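**Student:** Residue numbers (my numbering), protein chains in the order written: chain Z, 1 to 558; chain S, 1001 to 1495.
Hint data in this document are derived by calculation from the structure and do not stem from the laboratory. Hints should not be assumed to be uniformly reliable.
Unchecked claim - Computed list of chain S residues with no C-beta within reach of chain Z, every gap over 10 Å:
{"no.": "1", "residue": "Asp-1033"}
{"no.": "2", "residue": "Ile-1083"}
{"no.": "3", "residue": "Leu-1235"}
Claimed, not checked - Derived DSS-like pairs (lysine-lysine); straight-line CA-CA distance at most 30 Å:
{"no.": "4", "chain 1": "S", "residue 1": "Lys-1095", "chain 2": "S", "residue 2": "Lys-1037"}
{"no.": "5", "chain 1": "Z", "residue 1": "Lys-297", "chain 2": "S", "residue 2": "Lys-1146"}
{"no.": "6", "chain 1": "S", "residue 1": "Lys-1122", "chain 2": "Z", "residue 2": "Lys-61"}
{"no.": "7", "chain 1": "Z", "residue 1": "Lys-120", "chain 2": "S", "residue 2": "Lys-1122"}
{"no.": "8", "chain 1": "S", "residue 1": "Lys-1246", "chain 2": "Z", "residue 2": "Lys-272"}
{"no.": "9", "chain 1": "Z", "residue 1": "Lys-521", "chain 2": "Z", "residue 2": "Lys-537"}
{"no.": "10", "chain 1": "S", "residue 1": "Lys-1313", "chain 2": "S", "residue 2": "Lys-1095"}
{"no.": "11", "chain 1": "S", "residue 1": "Lys-1204", "chain 2": "S", "residue 2": "Lys-1231"}
{"no.": "12", "chain 1": "S", "residue 1": "Lys-1122", "chain 2": "S", "residue 2": "Lys-1037"}
{"no.": "13", "chain 1": "S", "residue 1": "Lys-1294", "chain 2": "Z", "residue 2": "Lys-122"}
{"no.": "14", "chain 1": "S", "residue 1": "Lys-1122", "chain 2": "Z", "residue 2": "Lys-211"}
{"no.": "15", "chain 1": "S", "residue 1": "Lys-1371", "chain 2": "Z", "residue 2": "Lys-189"}
{"no.": "16", "chain 1": "Z", "residue 1": "Lys-269", "chain 2": "S", "residue 2": "Lys-1150"}
Computed from a predicted model, the values in this text were never measured in an experiment. All residues carry an ideal CB built from backbone N, CA and C; glycine is no exception.
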Amino acid sequence: MGTLGLDLERGLFLGIDFGTTNSVVSIYNFKDGQAQTIPIDGSNIFPTAIQFETDPEDENKLSRVFGIQAKEAAVIYPQSTILSIKRLLGSDEDIVVGVDDKEYKFKPQQVAGEILSYLKQKADEYAQQELNLNGEFSGCVITVPANSTDKQKKMTKEAAVFAGFDEQNVYLRLEPAAAAISYAVNERKDKKVLVYDFGGGTFDACILEIKMDENEEPNISILSTYGDNNLGGNDVDKLVADMIYEEFKNLTDEEIDLFDEDADDGVSKRQKKVALVRLNQVANQAKERLSAAKSTKVVLAPFIQEPKIVNLNMEITREAFMNHKRVNKLGDSDEVFEKFEGKTISDMIDITLSCIDKSLEAAGIKAEDIDEVFLVGGSSSIPIISEKIRQKFGKDPFKSKISPALSISQGAAQYCNMIMTPTVKGPSIQEKTIHPLGLEIAGRRFMEIVSSGMDIPKDGLKIEAQEPLITNFDNVTSMAIVVYENTAPDGSKEVKFVNAEGMKRLAGTSLRGIPQAERGKEKVKVIFNVGQDNMLKVTAQSMSTDGVVTELSVDDLY
Amino acid sequence: MNRLDFKDGALTEEKFIIGVDLGNSRAAVAYYDINTKKPTVFDVSGGYSKASVPVAVEYIPENDEWIFGEYAVLNRPVGGEVIFEDIIENMGEGKLYQIGSKTVSLCYVLSLFLKELIGSVKNINPKAQICAVYVSAPPYMTQKAKDEIKKAFFMAGYENSFMGFADERECVISQYFESEHRQNRLLLLDYGERSIRGNLFSFKEENDKIIAECDLSLFDKKGGTREIYAKLANLFESYYIENNEKSFLTEYEKKEMSIFAYEHNDLFLNRYNKSGIKLYYNFCCPPFKKVVSKAEMDSFVKPFELRLKRFLKTFQNEDCDILAFGGGFEQLWAKSAARETLGDYNAVGAAACIIACGACIIACRELGIVKGLKIEIYDKQQIKEEIGIIVGEDKFISLCEKNTFWWQEQKKKYFIIDDSGDEDYRLEIFKNTKSGLVRVSVLNLDGLRKNGKKTVRLAMQIIYESCEKAKIQIKDIGFGEIEKSTGFDKSFAIP
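Next comes chain Z alone, as it looks inside the complex:
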């Protein structure tokens, strides 16, 4: 009898860069050990957009349109199209969608899940039909901004589960780290690299160290990250939109307010919605063209049809764009507008440079220690970014070998392979804690429990506070547990306070049910547990025999 030839069935590993504006999906092709981007509907870049419409076969059901079709539909059907869902992940508010005079409500993670589900399905088809890779997706890395909150991460994971991924095998990893991996997997020299990740909606700076191990394989460590979750290419688009809107205001003597649906200016709500979507799309196109040309023309003829025809036909020069200071709110919240009012594109890029400074500080290194600066993210092609980097570091930045827009997703697919097959020889990544984490204690002091740069084992990093918390008053039965992240550590041993710059309050709760006793007698043990996705769980336990235990995720805000 012959021996049955058997081989281990390999699953498929996916990397998804779930972006605010665009998403990219890559698969780890174990045949050649490379990550490969999957074209969705014929394009590597998939607009993160969904449109709902009445199912033609059942008017009580909704059907969905995704990607470029949905993005384009937004002009005609703004009320039934959702763009930039990522910016809503982290919010508890329902999203209201209007389809044929009916209203539907969705949770943000549900909408994100619908989009991820479509990406999964398309990736599955492509893997089987085009790459001849058969098998289930047994692992998936979805990237999240470095500065995202645990709540955003949690909702992203819920969206992935909604999309049909197995919860146990969905891994959330940081966008800049994934981008760095796409770059680092083929590196063969020790280096310190800064990843400048300027996406559609967020900015992240990430410093990593690449060291060759004894097998001459790169070992990658993330030294620090710092970012801004409300700064991206979309905000640069708004500068162009602002210029166009100024022209519109001049043409209409400021009689029409497109951002006030209820204004009595004779323009219907629908016209206003359509005009705003067109304005944003044209602004984005103009910005892209200004990356290559000294000037571009913007033609929206007509822009408004009733009560009078308004034609926009203007030329925008690169110089005017570079010098333009934001004037209009353009539908932004007060907080966001305050951040960008009167600011030029140069000011915006300066914000990213200050994030870099904080990241360098947290890593404990100087600008001159950085060997290479690496640009990623769809918005990093804006020429002024390279100029500013050159000025700051005295060297030209690198861009991705593949494409700044694809590197996060390809790195995520590589990342997934590293997670799923840790014993296989090849590049490896050591997950580390990013920032110091700790508790607020008496006198608004910060008690550091988890330091930055600590290795996170596969089953998480579990650290108990060196000293238990004690009650401050007699007979108290509850104790506040407030968790802070020090996003700008300076490395000194000095006492830190939670109201200092760079301290971020993550969560808080009360440990109730502490037995009544004299001041200082009752003690509470606090344990921090950091997962490989840098999500934190805090357990607080009264140390008395009949003491209570409470556990909080840091998104359970106090």
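Dock chain S against chain Z, hints included.
**Tutor:** Chain S only, in chain Z's frame:
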């Protein structure tokens, strides 16, 4: 920095050896990655995340500015700028253009494009030095075209690094030989812009080189992707006209429609689902939606699908590996048609990339960076001996282009009879062989009028019926208003 720097074999992260796939519609660049030790394609699209970029150059007179690639195509609808496309196809003609107050050659325009294209290597490494460049060329590219492209590389500043041209089939085969699993027979299917071509090769090793002999060669001259895109553009336009009840399009609308077609080709040809697709004409006001059903899409693709399947059927029973490349095979319907006809073919690499990677490998091999045998292509379908006539004292004028394929149309050439016409006209036909000019035929041009010296103009053209059978067509085309054509029009077989 030039290619001689590799004599000591010292390749560093800053020294780049690149292969360029310089097609008529798109171009791609691959470089040799010192770490992975493989040719690697990189994004030259400037943010559009494609491995290739349109070979298009735009001149904006107002700013005296040149724009390249995707931006040039997409900028089209917003101004009266000058756009250069089909640049490679028009090489070798010495074309000049008047733009504003200056005259520029197409060669100069290409040099600007190359500077931008190859300059994007700096995105990978800002300290990149281009040390060696190999360029792919279709096998039928004329020597004049090659000379002009070479000149463009020189003008772009790559005179020291330019190594030469490689037949694009040699590039693909070179890349194929990099894989571990290979057969002795390989079918190359190229679904290009102008035609579909199939070449079946068998390989044998001989004196430190691999002879790739083309056993079977087929082509479909009218089956290229350009025709698909042109028909699709017409379809998109017809929807627009129908919706807006228009009888003609304004200049603005024409430009917007051309960009709309460019942006939606892939969507139409690469997306099939049960409900078809929706086209949003957002550039007009009011914007409108056109739903295109799956049946309508199928019916559009059907003729092209049948044509492709008919073409592929010839190769159905060949026992060989198959490499399908060219833009056409990036379309889903074409991939499906190929699979249905040929089974699961071995599609190695993305369409635009395999040629660039192969060109890079050839450069590395010649520089001794990688090992491997030189590939020498022997193709019976290519014209190896020129056929021509002698003019004046002893000047040989070829009537066909060496290395072109027999199925390609040879250019007509025009002559004036420099003879008093006292005797019957005889015309000697020569072949330019390795051993020199050999007379192969003497044609009797009885019936051609005798009007005296320099008053009769003749158009001559070689027409091949197969790689072994050719004829020459000679036609009296008159001399303007003074001497009208007599209608003399004869074909003579060439032995």
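**Student:** Taking 30 Å as the top limit, are the C-alpha atoms of Lys-297 of chain Z and Lys-1146 of chain S close enough?
**Tutor:** violated (37 Å)
**Student:** Does Ile-1083 of chain S clear chain Z by more than 10 Å, comparing its Cβ with all Cβ atoms of that chain?
**Tutor:** holds (13 Å)
**Student:** Need the status of pair Lys-1122 of chain S, Lys-211 of chain Z: alpha-carbon distance at most 30 Å?
**Tutor:** Judged against 30 Å, a Cα distance of about 24 Å means the pair holds.
**Student:** With a cut-off of 30 Å on the C-alpha distance, tell me whether Lys-1313 of chain S and Lys-1095 of chain S pass.
**Tutor:** Roughly 41 Å between the alpha carbons, so the hint for Lys-1313 of chain S and Lys-1095 of chain S is violated.
**Student:** Any Cβ of chain Z at or closer than 10 Å to Asp-1033 of chain S, or is the non-interface label fine?
**Tutor:** violated (7 Å)
**Student:** Measure nothing beyond the straight line between the CA atoms of Lys-1294 of chain S and Lys-122 of chain Z; if it is 30 Å or shorter, mark the hint as holding.
**Tutor:** holds (18 Å)
**Student:** Given the hinted pair Lys-1204 of chain S and Lys-1231 of chain S, is their Cα-Cα distance within 30 Å?
**Tutor:** violated (43 Å)
**Student:** Are the Cα atoms of Lys-521 of chain Z and Lys-537 of chain Z separated by 30 Å or less?
**Tutor:** holds (26 Å)
**Student:** Does the claim that Leu-1235 of chain S lies off the interface hold, with its Cβ farther than 10 Å from every Cβ of chain Z?
**Tutor:** holds (17 Å)
**Student:** When you check the alpha-carbon spacing of Lys-1095 of chain S and Lys-1037 of chain S, does it fall within 30 Å?
**Tutor:** violated (41 Å)
**Student:** Straight-line Cα separation of Lys-1246 of chain S and Lys-272 of chain Z no greater than 30 Å?
**Tutor:** holds (27 Å)
**Student:** Can the restraint linking Lys-1122 of chain S and Lys-61 of chain Z be considered satisfied, given a maximum Cα separation of 30 Å?
**Tutor:** violated (52 Å)
Of the numbered hints given earlier, the model fails hints 1, 4, 5, 6, 7, 10, 11 and 16; all others are met.
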